[in-house]
Each structure stands twice: as C-alpha cells, then as structure tokens.
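S.K.: Sequence:
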Amino acid sequence: MAEKIRVLLIDDHTVVRKGIRALLEQEKDIEVVGEAEDGLKGVQACIEYAPDVVILDMALPLLSGVEVARKIREKLPETRILILSMYDDEEYIMDSFKVGVSGYILKDVVVSDLVAALRSVYRGSTFLSPSVSEKLRRQLQEGPPRSSRYGPAKLTARERQILKLIADGYTSRQISEILKISFKTVQTHRAHIMEKLGVHSTAELTRYAVTKGIV
1 MAEKIRVLLI DDHTVVRKGI RALLEQEKDI EVVGEAEDGL KGVQACIEYA PDVVILDMAL
61 PLLSGVEVAR KIREKLPETR ILILSMYDDE EYIMDSFKVG VSGYILKDVV VSDLVAALRS
121 VYRGSTFLSP SVSEKLRRQL QEGPPRSSRY GPAKLTARER QILKLIADGY TSRQISEILK
181 ISFKTVQTHR AHIMEKLGVH STAELTRYAV TKGIV
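Counting along the sequence shown from 1, when you hit position 184 you're at 184 in this note's numbering, and nothing is skipped either side.
Read the hints as simulated data drawn from the structure, not as lab findings.
You can take every hint at face value.
Derived CB-CB ranges, DEER-like:
(1) Ile-181 - Lys-28: 41 to 47 Å
(2) Ser-182 - Gln-44: 19 to 25 Å
(3) Glu-3 - Lys-98: 28 to 34 Å
Since the structure is predicted, the reported quantities are computational estimates derived from the model, not experimental observations.
Cβ coordinates follow ideal geometry from the N, Cα and C atoms, glycine included.
Using the sequences and the accompanying hints, generate a full structural model.
M.R.: As structure tokens, this is what we get:
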C-alpha cells in the first residue's frame, strides 16, 4: 500500500476544521493526523506530528498564519504549507510566499481543487487559486497596488492579530495575557491601528473587522 499524505489542519473555526477533515478522509491517499485551533498549538502540533502538508488559515489567535508558517519552515523545512484563507489581498499573499508556503487557495474553492492543491504541494509544486494567481501576475506587471496603502493590507501581522482579538470582544488586558505582551504594548498597537484606519472607537474597529472579513 502506498504511503498516505499526512495532513495537519490549523484553523480557529471548529466547523471549518471538521468539515475539511471529513472531506479529506474520503480520499484513500490522505490521512489527517491532527488539528489545532490557534497558532501556538499549530506549531506545537507540527513538531509533534511532523506532517507532510499543513493546511493553514491566515487569521489565527495567538500567532498569525504568516508567523506560524515562518516557524514551521524553520523547524520542519520538509513540511509543505498550503494556505486556505478568505483573504485575497496582495500583501497577505506576498507575505505568505516570502516565508516559504507552497500554495495559497481561497475558502470558496471547490473540494476537488482543495484536494488537487494538497496533492500538488505534497509533490513539491506550487498551487494557487486562479484569482490569487491573477493578483500576483498583475502585481508583477504593475508593481505594488494602490490598495496596499489602505485597508487591512497596510496593517502589520501583529496589528491584524490584535484587531481580530479586539473584534472578538477581548479587552486590552486580556489581549496582553493571550499574546504574552505588555498592556502598554497592546495599547500602543491599538492606537496605531486606529490611526491607520482612521477610526476612533472600539465599535468602529469591530465594524471594520467584520466588514473586511477579519472575524
């Protein structure tokens, strides 16, 4: 019997993880060896299971998808990383490939494309959703898009992470404990986020995050 592709799922939405797992387990050549619901647990699970392929969400608690991908590449360079995200911003995509992911597909992908992407990156190839491929092609031709000057793309990975936690209802004190950074640092990040987005209240931050699909 041929060896199965060992897969780890990292996504903070339980329904998404369970759904993907159920779909993948119908494939005879794929085995889901584990799951994780946040960035830190995701890195730990990778070290424990040493999967062939990680299916990784971008927006995660504790560590962003980009930070998780970077740590996985440092610790397990043979493990392939396939981003499965709702974000198609050029900067998200470029940040992902800069840290060494092998594929980037969107969550509206059909099941057959998800399986094809997984097998493709396992074999050492790169796989992109058509819309993602088009964005990268356009950026190479035209240079950095104007949209990178506003919207979520101009926030750093840490700022996006904090914005998601704020929108999820966590206080600055709770965020400092979750991320293991000082309360003052969280407040500084919050101020920078508000300044960049041109908003002045937590309610506006939450509304922005919901509108942009960050939560």
